[in-house]
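**Student:** Given next are the chains, with one letter for each unit.
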Amino acid sequence: MHDTMTALRIEARWALADTLAMARRNLIRYVRSPELLVFSTINPVMFVLLFTYVFGGAIDVGPGNYINFLLPGILVQTVVFGAVQTGVGLAEDLSSGMVDRYRSLPMARSAVMAGRILADTVRNVFVVLLMIGVGYAIGFRFNASVAAIIAIPIILVIFGQAFSWISAAIGVSVREAETAQVAGFVWIFPLTFMSSMFVPVHTMPGWLEAFASVNPITVTVDLLRGLSQGGEIMPSLWQAAAWTVGLVVLCSTVAITQYRRLS
Amino acid sequence: MVQVREAPERQAMGGARPDAIVVRGMSKAYGEIQALDDVSLDVAAGTIHGLLGPNGAGKTTLVRILTTLLPPDNGRAWVAGFDVAREATQLRSRIGLAGQSAAVDEYLTGRENLELVGRLYHLNRSTAERRAVELLERFDLTEAADRRSKTYSGGMRRRLDLAASLVADPEVLLLDEPTTGLDPRARRELWAVIRQLVSGGTTVLLTTQYLEEADELADRITVIDLGRVIAEGTAQELKQRTHGDVLSVVVNDPAQAEAACRAVARHGSGVARIDDDGVTVTMPVAGGAAKLAAIIRDLDTDGVAISDIGVRQPSLDDVFLALTGHTAGADRAD
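For the protein sequence lines, the chains are Z and U, in the order given.
Mapping of the first sequence onto this note's numbering: residues 81 to 343, in sequence order.
Mapping of the second sequence onto this note's numbering: residues 5 to 338, in sequence order.
None of these hints come from the bench; they were simulated from the model.
Here a beta-carbon is modelled for each residue, glycine too, at the ideal position from N, C-alpha and C.
Among the hints, a few may not be true.
Taking CB as the label site, the calculated pair distances span [what the hints assert, rightly or not]:
| no. | chain 1 | residue 1 | chain 2 | residue 2 | range |
| --- | --- | --- | --- | --- | --- |
| 1 | Z | V202 | U | N78 | 43 to 51 Å |
| 2 | Z | L210 | U | R151 | 26 to 34 Å |
| 3 | Z | S343 | U | G237 | 25 to 33 Å |
| 4 | U | T155 | Z | V202 | 52 to 60 Å |
| 5 | Z | L117 | U | E147 | 51 to 59 Å |
| 6 | U | E216 | Z | S343 | 30 to 38 Å |
Partial list, derived from the structure: chain Z residues whose beta carbon lies under 8 Å from chain U [what the hints assert, rightly or not]:
| no. | residue |
| --- | --- |
| 7 | R93 |
| 8 | A95 |
| 9 | D98 |
| 10 | R105 |
| 11 | S113 |
| 12 | S176 |
| 13 | G177 |
| 14 | D180 |
| 15 | R181 |
| 16 | Q261 |
| 17 | V329 |
| 18 | L330 |
| 19 | C331 |
| 20 | T333 |
Please take these sequences and the hints and turn them into a complete structure.
**Tutor:** Set out below in structure tokens:
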């Protein structure tokens with residue numbers, strides 16, 4: 081019994097070390113591939129500027145200025161779009177033969193995927209803080225307690241991870257970077273726009289409003305809006321939590337099962 | 005009562021020089037396609053074993069099973085004494101794999117690539133760093149060590165890939181077509197490295213579709229085709245399978261190749277055929293040299309102008325043809 085516990089502890093320590101080694105490798109890749117950095121930073125900056133200055137004037141969000149309404153949505157969009165890279169990166173490693181090498185090593189089998197998701201989470205922290213900075217520069221202001229402000233990046237990172245698992249499941253299934261890219265955006269794009277991210281859902285036609293109201297992106301955006309502007313956070317807190325847990329459980333199961341079945 | 009002993013297991017686990025690789029009755033199908041069909045194989049420790057066959061013969065499938073990347077349908081295999089199905093983790097810490105595509109991370113430097121693999125073999129940081137330095141030196145990559153491997157040439161990538169497979173000083177090294185896509189010079193360099201490894205006691209299983217490569221490197225060769233073992237032996241033994249020498253005639257005009265074929269066929273003990281170059285005609289002959297004069301006379305009578313004629317030892321290409329009825333270069337789909 082004691083021996084089994086020790087063996088498990090050693091195994092867990094190796095799994096952690098392997099995950100950290102893989103996360104470090106993926107972060108080095110981010111820093112050294114400008115196109116990825118540009119995509120994950122310039123893109124959301126462009127969106128926030130476009131929507132604030134081009135569309136913002138035409139969108140009626142009730143009291144308060146548009147940037148305070150928009151930024152929580154942009155933050156969610158940032159982590160959701162960023163999640164596509166999880167699947168693209170995995171697919172790239174699969175098609176290039178890197179995963180064959182990793183699978184022939186005595187490393188923990190979970191570390192390839194866990195390391196990828198950990199690296200994407202670290203990137204999300206960086207990009208979320210950057211976007212809050214950009215928001216501040218163009219007039220965004222928190223109207224909330226310190227605790228609520230601290231909660232915002234934490235929620236974003238956890239929510240981003242849920243989408244990373246969806247993306248991982250896609251990447252490990254399609255096994256080809258370009259396909260993973262297309263397969264990622266083909267559903268993420270409509271999903272983000274059919275939400276409360278840029279416009280209030282009550283302005284949509286009834287059938288779309290019904291969909292948009294239960295969209296995981298809507299509930300998370302609404303939660304962040306409530307937190308950042310001192311508004312209502314119920315019931316979106318529970319809805320967002322339920323979606324996040326559900327997605328992580330379902331998609332990580334699919335992704336890990338698919339990875340174990342690789343041959 | 006007759007005692008049944010599990011021969012391969014004993015062989016793999018016991019004895020002074022156990023076989024480094026033992027394969028028994030290995031089968032694997034992908035849907036309708038039988039990739040491996042009852043393959044058995046033994047590789048003695050400290051030797052180079054060549055697995056020779058055309059594309060689609062099942063070579064890669066066997067390597068993937070032996071490196072635990074793919075579960076077999078039937079049959080068992082032991083590498084470095086460990087069962088591929090039941091002792092995968094122990095097995096993985098004792099093998100090195102260099103697959104068909106060089107698995108190097110382009111965004112990492114050569115050194116970082118090797119250090120990462122070292123860490124994933126669970127070497128401690130200083131050992132991983134030391135091994136990286138040693139291997140970079142050994143594979144002539146010291147100067148490029150801190151450059152991103154994206155900037156490396158094909159040959160350098162292959163060397164880095166091979167270096168990565170050696171990080172943990174494996175007992176058994178599996179190389180899947182290690183020189184595919186390399187120019188002749190880079191290929192010869194890689195051969196020299198592989199020979200050096202074996203002199204250090206490593207066992208190597210190497211797949212190739214290059215007959216020259218198997219001939220050059222391998223102590224023993226297993227020829228596989230359509231998932232089945234069709235011959236096994238040393239290069240010399242395999243060559244004897246063609247029962248004699250090979251006559252080769254080079255004609256001046258490709259249009260006369262057919263005529264040359266007919267002329268030499270009268271003297272041969274096998275099928276005369278025209279090589280891919282369109283001007284070389286080859287045929288197995290018994291007691292070749294003695295027949296040379298008669299063959300030249302016949303060619304002359306038929307009006308075939310030749311630029312070269314000779315009798316040589318059979319190449320593995322001839323062996324492959326004799327064994328399978330087609331050349332090794334031809335794809336399975338053809």
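**Student:** Each hint needs a verdict: does it hold in this structure or not?
**Tutor:** Results for each hint:
{"no.": "1", "hint": "V202/Z / N78/U: 43 to 51 Å", "result": "45 Å, holds"}
{"no.": "2", "hint": "L210/Z / R151/U: 26 to 34 Å", "result": "30 Å, holds"}
{"no.": "3", "hint": "S343/Z / G237/U: 25 to 33 Å", "result": "31 Å, holds"}
{"no.": "4", "hint": "T155/U / V202/Z: 52 to 60 Å", "result": "27 Å, violated"}
{"no.": "5", "hint": "L117/Z / E147/U: 51 to 59 Å", "result": "29 Å, violated"}
{"no.": "6", "hint": "E216/U / S343/Z: 30 to 38 Å", "result": "31 Å, holds"}
{"no.": "7", "hint": "R93", "result": "10 Å, violated"}
{"no.": "8", "hint": "A95", "result": "11 Å, violated"}
{"no.": "9", "hint": "D98", "result": "6 Å, holds"}
{"no.": "10", "hint": "R105", "result": "6 Å, holds"}
{"no.": "11", "hint": "S113", "result": "6 Å, holds"}
{"no.": "12", "hint": "S176", "result": "6 Å, holds"}
{"no.": "13", "hint": "G177", "result": "4 Å, holds"}
{"no.": "14", "hint": "D180", "result": "5 Å, holds"}
{"no.": "15", "hint": "R181", "result": "4 Å, holds"}
{"no.": "16", "hint": "Q261", "result": "18 Å, violated"}
{"no.": "17", "hint": "V329", "result": "27 Å, violated"}
{"no.": "18", "hint": "L330", "result": "26 Å, violated"}
{"no.": "19", "hint": "C331", "result": "24 Å, violated"}
{"no.": "20", "hint": "T333", "result": "21 Å, violated"}
In summary, the structure is inconsistent with hints 4, 5, 7, 8, 16, 17, 18, 19, 20 from the numbered list given earlier, while agreeing with the others.
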